[in-house]
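J.: Protein sequences, first through last, are from chains P and A. Numbering-wise (this note's numbering), the first sequence opens with residue 1 and increments by one. Numbering-wise (this note's numbering), the second sequence opens with residue 1 and increments by one.
Note that these hints are calculated values from the structure, not bench results. Remember, predicted model here, so these are calculated numbers, not experimental data. Any given hint could turn out to be false.
As the list claims (entries may be wrong) - Subject to a maximum C-alpha distance of 25 Å in a straight line, what follows is the list of computed SDA-like cross-link-like pairs (lysine to any residue):
#: 1; chain 1: P; residue 1: K316; chain 2: A; residue 2: G119
#: 2; chain 1: A; residue 1: K316; chain 2: P; residue 2: E116
#: 3; chain 1: A; residue 1: K316; chain 2: P; residue 2: P144
#: 4; chain 1: P; residue 1: K316; chain 2: A; residue 2: P114
#: 5; chain 1: A; residue 1: K316; chain 2: P; residue 2: D8
#: 6; chain 1: P; residue 1: K316; chain 2: A; residue 2: G187
#: 7; chain 1: A; residue 1: K153; chain 2: A; residue 2: E54
#: 8; chain 1: A; residue 1: K316; chain 2: P; residue 2: R118
#: 9; chain 1: P; residue 1: K316; chain 2: A; residue 2: E182
#: 10; chain 1: A; residue 1: K316; chain 2: A; residue 2: L577
#: 11; chain 1: A; residue 1: K316; chain 2: P; residue 2: G187
#: 12; chain 1: A; residue 1: K316; chain 2: A; residue 2: F388
#: 13; chain 1: P; residue 1: K316; chain 2: A; residue 2: D127
#: 14; chain 1: P; residue 1: K316; chain 2: A; residue 2: F388
#: 15; chain 1: A; residue 1: K153; chain 2: A; residue 2: G143
#: 16; chain 1: P; residue 1: K316; chain 2: A; residue 2: P183
#: 17; chain 1: A; residue 1: K316; chain 2: P; residue 2: W120
#: 18; chain 1: A; residue 1: K316; chain 2: P; residue 2: P115
#: 19; chain 1: A; residue 1: K316; chain 2: P; residue 2: D127
2 protein chains.
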Amino acid sequence: MSDTETPDQGCRNLRWALALFDGLVRGGVRRVVLSPGSRSTPLVLAAQRQPSIELTPILDERSAAFFALGLAQASARPVALVCTSGSALAHWFPAVIESSESGVPLILLSADRPPELRGWGANQTIDQTRLFGGFTREYHDPGPAEEGTAALKAIRALGLRAALVSRGPRPGPVHLNLPFREPLVPGPSCTAEPLGSFESAATGPHDGPEARSSASDQVRCFDTPQWPQGLTTLRGGRGIICCGPMTPSDAAAEAIFACAERLDAPVLADPLSGLRFRPAPTARITRYDSLLRNPEAAAALRPDWVIRFGGTPVSKTLSGWLEDIPSILVDASERWSDPTHDVIVRIAADPTAFCRLLQTRIDRDAHGLWIRRWTDAEQTLDRLAHAFLEHSPWCEGHLIAGLLEGLPAGDGLFCANSLPIRQLDTWSGQSETPLRVFGHRGASGIDGQSSTLAGLNAGRTEPTRGVTGLLGDLSFIHDLSGLLLMERLDRPCIVLNNGGGRIFDFLPQRGLAGFEPLWRTPQRVQPDALARAFGLAHRSVDDAAGFAQAWAEAIDAGMRGEPAGLIEVRLDADLSLRTHRAFWNGVREQSIIESE
Amino acid sequence: MSDTETPDQGCRNLRWALALFDGLVRGGVRRVVLSPGSRSTPLVLAAQRQPSIELTPILDERSAAFFALGLAQASARPVALVCTSGSALAHWFPAVIESSESGVPLILLSADRPPELRGWGANQTIDQTRLFGGFTREYHDPGPAEEGTAALKAIRALGLRAALVSRGPRPGPVHLNLPFREPLVPGPSCTAEPLGSFESAATGPHDGPEARSSASDQVRCFDTPQWPQGLTTLRGGRGIICCGPMTPSDAAAEAIFACAERLDAPVLADPLSGLRFRPAPTARITRYDSLLRNPEAAAALRPDWVIRFGGTPVSKTLSGWLEDIPSILVDASERWSDPTHDVIVRIAADPTAFCRLLQTRIDRDAHGLWIRRWTDAEQTLDRLAHAFLEHSPWCEGHLIAGLLEGLPAGDGLFCANSLPIRQLDTWSGQSETPLRVFGHRGASGIDGQSSTLAGLNAGRTEPTRGVTGLLGDLSFIHDLSGLLLMERLDRPCIVLNNGGGRIFDFLPQRGLAGFEPLWRTPQRVQPDALARAFGLAHRSVDDAAGFAQAWAEAIDAGMRGEPAGLIEVRLDADLSLRTHRAFWNGVREQSIIESE
Numbered sequence: 001m002s003d004t005e006t007p008d009q010g011c012r013n014l015r016w017a018l019a020l021f022d023g024l025v026r027g028g029v030r031r032v033v034l035s036p037g038s039r040s041t042p043l044v045l046a047a048q049r050q051p052s053i054e055l056t057p058i059l060d061e062r063s064a065a066f067f068a069l070g071l072a073q074a075s076a077r078p079v080a081l082v083c084t085s086g087s088a089l090a091h092w093f094p095a096v097i098e099s100s101e102s103g104v105p106l107i108l109l110s111a112d113r114p115p116e117l118r119g120w121g122a123n124q125t126i127d128q129t130r131l132f133g134g135f136t137r138e139y140h141d142p143g144p145a146e147e148g149t150a151a152l153k154a155i156r157a158l159g160l161r162a163a164l165v166s167r168g169p170r171p172g173p174v175h176l177n178l179p180f181r182e183p184l185v186p187g188p189s190c191t192a193e194p195l196g197s198f199e200s201a202a203t204g205p206h207d208g209p210e211a212r213s214s215a216s217d218q219v220r221c222f223d224t225p226q227w228p229q230g231l232t233t234l235r236g237g238r239g240i241i242c243c244g245p246m247t248p249s250d251a252a253a254e255a256i257f258a259c260a261e262r263l264d265a266p267v268l269a270d271p272l273s274g275l276r277f278r279p280a281p282t283a284r285i286t287r288y289d290s291l292l293r294n295p296e297a298a299a300a301l302r303p304d305w306v307i308r309f310g311g312t313p314v315s316k317t318l319s320g321w322l323e324d325i326p327s328i329l330v331d332a333s334e335r336w337s338d339p340t341h342d343v344i345v346r347i348a349a350d351p352t353a354f355c356r357l358l359q360t361r362i363d364r365d366a367h368g369l370w371i372r373r374w375t376d377a378e379q380t381l382d383r384l385a386h387a388f389l390e391h392s393p394w395c396e397g398h399l400i401a402g403l404l405e406g407l408p409a410g411d412g413l414f415c416a417n418s419l420p421i422r423q424l425d426t427w428s429g430q431s432e433t434p435l436r437v438f439g440h441r442g443a444s445g446i447d448g449q450s451s452t453l454a455g456l457n458a459g460r461t462e463p464t465r466g467v468t469g470l471l472g473d474l475s476f477i478h479d480l481s482g483l484l485l486m487e488r489l490d491r492p493c494i495v496l497n498n499g500g501g502r503i504f505d506f507l508p509q510r511g512l513a514g515f516e517p518l519w520r521t522p523q524r525v526q527p528d529a530l531a532r533a534f535g536l537a538h539r540s541v542d543d544a545a546g547f548a549q550a551w552a553e554a555i556d557a558g559m560r561g562e563p564a565g566l567i568e569v570r571l572d573a574d575l576s577l578r579t580h581r582a583f584w585n586g587v588r589e590q591s592i593i594e595s596e
Numbered sequence: 001m002s003d004t005e006t007p008d009q010g011c012r013n014l015r016w017a018l019a020l021f022d023g024l025v026r027g028g029v030r031r032v033v034l035s036p037g038s039r040s041t042p043l044v045l046a047a048q049r050q051p052s053i054e055l056t057p058i059l060d061e062r063s064a065a066f067f068a069l070g071l072a073q074a075s076a077r078p079v080a081l082v083c084t085s086g087s088a089l090a091h092w093f094p095a096v097i098e099s100s101e102s103g104v105p106l107i108l109l110s111a112d113r114p115p116e117l118r119g120w121g122a123n124q125t126i127d128q129t130r131l132f133g134g135f136t137r138e139y140h141d142p143g144p145a146e147e148g149t150a151a152l153k154a155i156r157a158l159g160l161r162a163a164l165v166s167r168g169p170r171p172g173p174v175h176l177n178l179p180f181r182e183p184l185v186p187g188p189s190c191t192a193e194p195l196g197s198f199e200s201a202a203t204g205p206h207d208g209p210e211a212r213s214s215a216s217d218q219v220r221c222f223d224t225p226q227w228p229q230g231l232t233t234l235r236g237g238r239g240i241i242c243c244g245p246m247t248p249s250d251a252a253a254e255a256i257f258a259c260a261e262r263l264d265a266p267v268l269a270d271p272l273s274g275l276r277f278r279p280a281p282t283a284r285i286t287r288y289d290s291l292l293r294n295p296e297a298a299a300a301l302r303p304d305w306v307i308r309f310g311g312t313p314v315s316k317t318l319s320g321w322l323e324d325i326p327s328i329l330v331d332a333s334e335r336w337s338d339p340t341h342d343v344i345v346r347i348a349a350d351p352t353a354f355c356r357l358l359q360t361r362i363d364r365d366a367h368g369l370w371i372r373r374w375t376d377a378e379q380t381l382d383r384l385a386h387a388f389l390e391h392s393p394w395c396e397g398h399l400i401a402g403l404l405e406g407l408p409a410g411d412g413l414f415c416a417n418s419l420p421i422r423q424l425d426t427w428s429g430q431s432e433t434p435l436r437v438f439g440h441r442g443a444s445g446i447d448g449q450s451s452t453l454a455g456l457n458a459g460r461t462e463p464t465r466g467v468t469g470l471l472g473d474l475s476f477i478h479d480l481s482g483l484l485l486m487e488r489l490d491r492p493c494i495v496l497n498n499g500g501g502r503i504f505d506f507l508p509q510r511g512l513a514g515f516e517p518l519w520r521t522p523q524r525v526q527p528d529a530l531a532r533a534f535g536l537a538h539r540s541v542d543d544a545a546g547f548a549q550a551w552a553e554a555i556d557a558g559m560r561g562e563p564a565g566l567i568e569v570r571l572d573a574d575l576s577l578r579t580h581r582a583f584w585n586g587v588r589e590q591s592i593i594e595s596e
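With the sequences and hints as input, model every part of the structure.
T.: Shown next as structure tokens:
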């Protein structure tokens, strides 16, 4: 038996794939990232024929998926991935996990062999069914291509559905596994066009990033017996609003700040909260990771309640300090960001809707003292940090200050795990200058960071301009395939080269036998050699002036249409560890809070 | 709540992990490949304390898993992988799939957060339960470390079980998901030793690669109504024995050849069958991919029955020609290698046991004509190939001839998908010189090839000596992390650089709009630049003399303890396509078979 019995099978495959893309396009898909293969040919042919689709080929499926993740994050649109059958789609898995955990819309289109070849030892054939387990919002296998209007309507509807499901109310990946029979290429007489009647409706309400907010006006509360009065408790006591990683709209940001004012509460803004680098009309706190190391301050600033938005904050100091404080968690997704199990009211709501509701329900007398205590502390820490950096040896703190100074307003910054995002958290302070900070705090891996950076740049939309990368040397080397995409970047990728995974220097593993090869794992390949191999400019710096110059050169290169290349920041990790400890010890011993 | 409530938790974790490794070691594990992380610390500490365990750190988990796969393939022992929690283990997935499909024993030890942190937004925490779905033989989550002899016995037993299950009768990956509570590092007063009584029995029957053959004397037949006489049919008609990818013992190889002689049948030996490059006491055929393109030969050599061993052969020509011929499939695993659905008797048996059984049951009069027809055809094709290469422009055929000439007896060759293994199939011919050929025909991906090559070299045991790699340029660039491991190799990695995925040139996709960027996908980074970046010697060749010299230099470098480096073979892909077509056309038009 051969799977070439039907002479027009190639044409049937193409028409089927075209109908699928009709649905995907109507659902807002504009970009397709594909990795090369044979079985996926009908999907590629169909995507090519969709005028509103832009195709990007990327060899390594793992890199392709992280690139797509960045595209989707920056463009706020679902992005489709295409690959061939076999182990190819398994390479998507790390990015699929991050997409699921951080709520980024991806459509996974895996080509497959038809059912009669699965499980019979055919070439490049594995069981692709539900390959990503619980990490996809939906999984479908519509079977091989069929003819006829009803069949084409069905596959088109599936495309639209996949795009809409990926966009919310719980955004994330959707997997369509698509078997194709041979031949995969249509004959010369094949005419394949999109279904006309559907096309005319293609500019309907599904066709934009804004469709996602449809559920935003619903507020559902899950009260627990421990707090019988529910939200009315917010009328008394001293509270804080803690904002972890999230992507708030301008309206949501305004609503949160307004709500904070009404509640007489400061806003603790994570670097990935979308609230740290924009104008803030009310008290915003960003130095808490250092501040709360001071025991006196940690005690004096302890609140009676917390309202939490977004994911778990980057700062471990903050999370530890929040333990045992009653929390209200507000989240429209189905996440339960509560590793310390302190949430006593969980509210399934969009932050905007929740904050507006609170505005109408809560009335408090703001006496200002509580807020002033926080803002005074933030200013003191600001002063301490600046004074410390003025006299300390060059470290990540100087680099981050220089970077934030150099970044044009409206730019983006992609900050990698695991040390860079903590360093940004510690040293950035706050700013009125708008800056969009991206990071992977879904699974918090060090994987796929360069590929994501390339995707963020390729998917950026107004008002986000170029996106600069801030990576550690290990995450940079973990994703070598991402280097193949860097020649497209007009902002530099900054690599903090401190000789391995120096986060372990801050952990109890430091000093164990075999610490260097088994935990810190410095790599022998160097950023300059990699830059040369991939045709990228490389600039190496180890002080503030050097960084400023390298930054200016890289930005200029980007302006001229050349790749901005790498800036390697050489750091003495042992010195850096001592410097950080000196700063934190200084903060610990300082008198920060005036007595009440 | 904090997970540091118990002061000796670090010590408890270590004792627990030590007991697990007691079991793994007793089950034959000697190598552990780890990627850096914090949560996995107790596993690394325990592995360090096992004197019979060798630890290899590899940064990129994807590369680590393919390295482990190669280690396990070459050493015929289960290899353990260790990584931290979060998306880290998802990078293992492509290698886990290949391990499952090709039956290579891997033990997947993923560290995890304890249950109270899962699903609550804790850092680097995802749902790791059954992450690899149906691709693992067993999955266990024994929960956090417990104290007491019974608990330690349980986890030690699980280690032994994991190793034994991974080794058969259906070898493959076993996943243990291991949650650890903080602190992860034991305090200074912690004493942690292996359980004594178990150690004394550590040299039992489980402690070697040979344990796997325990089920080898069982033969179970599944007859079907279409062939009521079952195996007695083999007494009549003309048959062939077709051997796909497998790893036969010397005894199995001898049994297959003896059985072939008794059945008056030639042995068609795939390049990965383990039967092509070793002494053959009976008729062995290897030129079938070219031979069967000749219509006259394809008709005259058509058998009445086929006995199949191993996986699906590499040659599509062979598979197509075998369609509709009644087949007997002999396989001790649970694979059903039968994409054309021609198997009418499936025998669950080790090839040795089956062949010995046949020897006692089948009696045939061998008249020799059928065998002679095949051996004559093989010799004719041999002659045609040599004559053709003598006058044709430099192509893969010359390279493979030169390589096989250069390879020392007893060496290994790892041949990548997708074109190199087909080129080897077409051009190698057969040889009495022992050579072990490795390849990934489980999922047949182009992924992880350099990392696997490094693992094969690290795991090689007598009598296999060094393992040379033969890769295409795309598979070489798909696995850039593998370059970090190449400085350990004393045999070269040969890269066939023909400017992209030239297998598509042989397929109907050739000439489609966008063919170059969307299917062939040539990459801009070049092997010489990569070699420089990773500190490897690079030799570029484009003729037979150049290859011979580069080969000699690379082998010499390896002998001196230096990395053998890369040999880049530059090929003109268009010329190569024309050359192959000319050869096949020549074969097609030749008169190969004398009339009966």
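J.: So, for every hint listed, does it hold in this structure?
T.: Hint check results:
Taken as a hint, the K316(P) and G119(A) pair is honoured in the structure, with Cα atoms around 18 Å apart against an allowance of 25 Å. Among the hinted pairs, K316(A) with E116(P) is consistent with the structure: their alpha-carbon atoms are about 17 Å apart, no more than 25 Å. Note on K316(A) and P144(P): the hinted pairing holds, with a Cα-Cα distance of about 23 Å set against a maximum of 25 Å. Distance hint between K316(P) and P114(A) is fulfilled; the C-alpha atoms sit about 18 Å from each other, no more than 25 Å.
A C-alpha spacing of about 22 Å is found between K316(A) and D8(P), which places the hinted pair at or below 25 Å, so the restraint holds. Taken as a hint, the K316(P) and G187(A) pair is honoured in the structure, with Cα atoms around 22 Å apart against an allowance of 25 Å. At most 25 Å may separate the alpha-carbon atoms for a hinted pair to count; K153(A) and E54(A) meet this at roughly 24 Å. Using a Cα cut-off of 25 Å, the hinted pair K316(A) and R118(P) holds, with the two alpha carbons roughly 17 Å apart.
As the CA atoms of K316(P) and E182(A) are separated by approximately 14 Å, the hinted pair is consistent with the 25 Å bound. Among the hinted pairs, K316(A) with L577(A) is consistent with the structure: their alpha-carbon atoms are about 17 Å apart, no more than 25 Å. About 22 Å separates the Cα atoms of K316(A) and G187(P), which keeps this hinted pair within 25 Å; it holds. Taking the CA atoms of K316(A) and F388(A), the gap is about 22 Å. The hint holds against a cut of 25 Å.
For the hint pairing K316(P) with D127(A), the CA-to-CA distance comes to about 21 Å; that is within 25 Å, so the pair holds. Pair hint K316(P) plus F388(A) does not hold up; C-alpha atoms about 70 Å apart against a cutoff of 25 Å. Straight-line distance between C-alpha atoms of K153(A) and G143(A) comes to about 14 Å, which keeps the hinted pair within the 25 Å bound. Of the supplied pair hints, the one linking K316(P) and P183(A) holds, its CA atoms being roughly 15 Å apart against a limit of 25 Å.
About 15 Å separates the Cα atoms of K316(A) and W120(P), which keeps this hinted pair within 25 Å; it holds. Using a Cα cut-off of 25 Å, the hinted pair K316(A) and P115(P) holds, with the two alpha carbons roughly 19 Å apart. Proximity of K316(A) to D127(P) is assessed by CA-CA distance (about 21 Å); at most 25 Å being required, the pair is judged to hold.
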